[in-house]
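Colleague: As a plain string of letters, each chain reads:
Number of protein chains: 2
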Amino acid sequence: MAKEKKLVESITSREVDFAQWYTDVVREAKLCDYSGVKGCLNYLPNGYAIWEKIQADLDKRFKDTGVENVYLPVLIPEALLQKEADHIEGFAPEVAWVTQGGLEPLQEKFCIRPTSETLFCDVWSKTVQSYRDLPKVWNQWCSVLRWEKTTRPFLRSREFLWQEGHTIHATFEEAEQRTLTMRDVYRDFIQDDLAIPLVCGRKTESEKFAGAQDTYTVEALMHDGQALQSATSHFFGSSFPDAFDIKYSDKNNELHSVYETSWGLSTRIIGAIIMVHGDDSGLVLPPRIAPVQTKVIPIAQHKEGVLDKAGELLDTLRAAGYAAKIDDSDKAPGWKFSEQEIQGIPTRIEIGPKDIEQGQVVVVRRDTREKTVVAIGEITEKLGEILETMQKDMFERAKAFLDSHIDSAVTMEEMNSKFNESRGFIKAMWCGEEACEDEIKAQTGGASSRCIPDEEEHLSDVCICCGKPAKHMVYWGKAY
Amino acid sequence: MAKEKKLVESITSREVDFAQWYTDVVREAKLCDYSGVKGCLNYLPNGYAIWEKIQADLDKRFKDTGVENVYLPVLIPEALLQKEADHIEGFAPEVAWVTQGGLEPLQEKFCIRPTSETLFCDVWSKTVQSYRDLPKVWNQWCSVLRWEKTTRPFLRSREFLWQEGHTIHATFEEAEQRTLTMRDVYRDFIQDDLAIPLVCGRKTESEKFAGAQDTYTVEALMHDGQALQSATSHFFGSSFPDAFDIKYSDKNNELHSVYETSWGLSTRIIGAIIMVHGDDSGLVLPPRIAPVQTKVIPIAQHKEGVLDKAGELLDTLRAAGYAAKIDDSDKAPGWKFSEQEIQGIPTRIEIGPKDIEQGQVVVVRRDTREKTVVAIGEITEKLGEILETMQKDMFERAKAFLDSHIDSAVTMEEMNSKFNESRGFIKAMWCGEEACEDEIKAQTGGASSRCIPDEEEHLSDVCICCGKPAKHMVYWGKAY
Chain B
2 MAKEKKLVES
12 ITSREVDFAQ
22 WYTDVVREAK
32 LCDYSGVKGC
42 LNYLPNGYAI
52 WEKIQADLDK
62 RFKDTGVENV
72 YLPVLIPEAL
82 LQKEADHIEG
92 FAPEVAWVTQ
102 GGLEPLQEKF
112 CIRPTSETLF
122 CDVWSKTVQS
132 YRDLPKVWNQ
142 WCSVLRWEKT
152 TRPFLRSREF
162 LWQEGHTIHA
172 TFEEAEQRTL
182 TMRDVYRDFI
192 QDDLAIPLVC
202 GRKTESEKFA
212 GAQDTYTVEA
222 LMHDGQALQS
232 ATSHFFGSSF
242 PDAFDIKYSD
252 KNNELHSVYE
262 TSWGLSTRII
272 GAIIMVHGDD
282 SGLVLPPRIA
292 PVQTKVIPIA
302 QHKEGVLDKA
312 GELLDTLRAA
322 GYAAKIDDSD
332 KAPGWKFSEQ
342 EIQGIPTRIE
352 IGPKDIEQGQ
362 VVVVRRDTRE
372 KTVVAIGEIT
382 EKLGEILETM
392 QKDMFERAKA
402 FLDSHIDSAV
412 TMEEMNSKFN
422 ESRGFIKAMW
432 CGEEACEDEI
442 KAQTGGASSR
452 CIPDEEEHLS
462 DVCICCGKPA
472 KHMVYWGKAY
Chain V
2 MAKEKKLVES
12 ITSREVDFAQ
22 WYTDVVREAK
32 LCDYSGVKGC
42 LNYLPNGYAI
52 WEKIQADLDK
62 RFKDTGVENV
72 YLPVLIPEAL
82 LQKEADHIEG
92 FAPEVAWVTQ
102 GGLEPLQEKF
112 CIRPTSETLF
122 CDVWSKTVQS
132 YRDLPKVWNQ
142 WCSVLRWEKT
152 TRPFLRSREF
162 LWQEGHTIHA
172 TFEEAEQRTL
182 TMRDVYRDFI
192 QDDLAIPLVC
202 GRKTESEKFA
212 GAQDTYTVEA
222 LMHDGQALQS
232 ATSHFFGSSF
242 PDAFDIKYSD
252 KNNELHSVYE
262 TSWGLSTRII
272 GAIIMVHGDD
282 SGLVLPPRIA
292 PVQTKVIPIA
302 QHKEGVLDKA
312 GELLDTLRAA
322 GYAAKIDDSD
332 KAPGWKFSEQ
342 EIQGIPTRIE
352 IGPKDIEQGQ
362 VVVVRRDTRE
372 KTVVAIGEIT
382 EKLGEILETM
392 QKDMFERAKA
402 FLDSHIDSAV
412 TMEEMNSKFN
422 ESRGFIKAMW
432 CGEEACEDEI
442 KAQTGGASSR
452 CIPDEEEHLS
462 DVCICCGKPA
472 KHMVYWGKAY
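Chains as they are written, first to last, in our numbering: chain B, 2 to 481; chain V, 2 to 481.
All clues given are correct.
If chains are identical, the list can't say which one is meant, so a pair holds when it fits in one copy or spans any two.
Derived DSSO-like pairs (lysine-lysine); straight-line CA-CA distance at most 27 Å: (1) Lys31 - Lys248; (2) Lys64 - Lys326; (3) Lys110 - Lys39; (4) Lys383 - Lys355.
If you're looking for bench data, these hints aren't it; they were derived computationally from the structure.
Let the sequences and hints guide you as you build the complete structure.
Modeller: Shown next, in the form of structure tokens:
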């Protein structure tokens, strides 16, 4: 058991130092590490496998709404990036430039894509002519690069993995509907599969995506009370497509503008999984997104028949469709338990000589450590039930945490004290002016507007900052 | 029917101009097009969907052999690329360099990965210490960039999609076995799923990958008689890992070198699918790799009940697990047939008023245009049989073509005339000297050594070029 202790001791308690706890979990669970390229990550097998699960689940949800996948180039010519003014202003300071190809300097420089609105619009400007060509509902899974100064694993790195969906439509309404549909896809995916409850709404002017008319967001609350923007869906109107001269002719041969959307979710979400569900023993993965759902751990495996029975159990589980592994290495069981816990594998199944004698196994849940003795003949059925219950419980716990960390304020004094005391989201009225957003951030020491929720409440008549008539109720929080 | 004709007329006959036929098929089937970034492709929905099928099928085969997926950075620091001498010599002339990050020039430049041996070795040099850390059997799906001068869709472009597997092992034998295992995975995947027969073997010294000790290859023959290197698997020995100082200590705490492999398959293989199976009507996709296996086409769909029945049929097919679509647009049936044929969808199912009356549908195979009348209640069973038969037939036809395009030569005269007459592969003896490879290429006008097959035949005692004692029998061919 000494070894087990050492493993867990390598993780700082999350109440002592949350940032250090996060770094420790990422390292000990072997999710990713920093590469020799400053600010870029190596996504290691345990971390990348989570991303693969996210990709598979989310991609299916996308395709159910009619999304088609494509892949456009990693490079964007400088002239193309400059076509939409707000966009280049937003991205120019943080792109990497390719200036040499082979042994020769290039006549025009290219940036590595920080996002691909310009490339998608370029393709459509050459191929979309008629109403019959609409809508285009495309998505790509790729990496993007933004030359960030400070970086943290999954949360902020120069290169990160994401999907970026881009669509164009014949009408304003259809595009707006698509923006909301995709926001809902993200919401359902994150709540149902990742067991992370959300606050949903749209961004204020100053927090919108560069060039967007509206940005919808889903915001999650981490265990330290800070907010994490978990996915966004943007409505562009016609500004982008007009800049690229994308027009279509209707049935009467009249030319019209098209309406655009884009929407994305990145490997940042893995940071959210860690910070919502993790504990002092390491990662806790929601069963629906766990690359490995259960680990079989033989007890006293040197005794006759134990490894055979454990192997049979593994085969049974796999045949029933579970993502199961076995740890039949020569490490001590305590060490194996710790490894399974650190890596957040939702359940382990212990099987030793006594269990075999009694025709049973012991299933241990990662989140609660609750043990269930299960007759070996019923394991494939019971394990599913345990995983399903665990998934629900994890969501309920996170939801209770979120609910208990939403407060409201009607004065700046209240805002200040509540924000600094409890963290979490504070609901408060706002006049709609950016100056007040800046002032609130300055006074509270970091509360930014997270979103204007779908359903606003009327907390008072006036902006808590300037006292002028309130336009919106806003969720405020400190953001990652 | 006029419209149908026009569609097909947009494809040049493959006997008239094979290169133009290829370009026409890629364009008309909407697989990919050139982007605004010179030499880079846009992978459009129809083309990318094929790549997604390839990824899913091949990735499963990889994982069955114990492969784990990762993702390493898109950028490689110059100093890292230079660590292995042969490697940098091979790649330096064709990489793109990033020299500016954000608004500032970089102190060290980075190249966009042309391949990632150096990055994988860099990770392992920091993390591998003990025999317990071995083997590492990693793979990544990503894009790479090589600054090519001439480009062709799928066959050669600056950026292309691929997977690159990288592994290290404690022993020479284990690494060599992995090299061969992966070569076999490619062979089985390409022959079984893509219906493309292969010639397998290893590369001569001059055709090996930069820095590799042995390169194993699978070579396919296109309909124009040219060869296409379809996947490669490299054995590096210890040269790469030694250059990166990757060592492990064994159970006795003694330090040892590790042995490395790498292996890859790219979107080039889509070019092979087109050029092996396509015909004058367009693409023909092997059923096992087709993103859409069947298209339901209603006949006289304005008549009462036709669209309803067609919709029911679609639901039945999907419920049975088929990737099925329907074309219920207002185009003429002939036009719909042509589109399905151009896109290579393996079957179409025609359903009209008469069929409905008689409780039947008509299944038409894309490759032979053979029609099968099927009772509507039996369609889910029969369609599977038809697709399975088509898959087998496509392989058999391609195999017959390959076999009839393998010849042998024992003199240079014979080599010259046979190579220029028939194309295809010519088997001939070789002394092992690069000078003779160059001479054979020059004299024949382009025959390069494709591989030394697993099982060599003894055609004569001497090299056909220099007359000195022969070391190997080589497959020669003109390569894409």
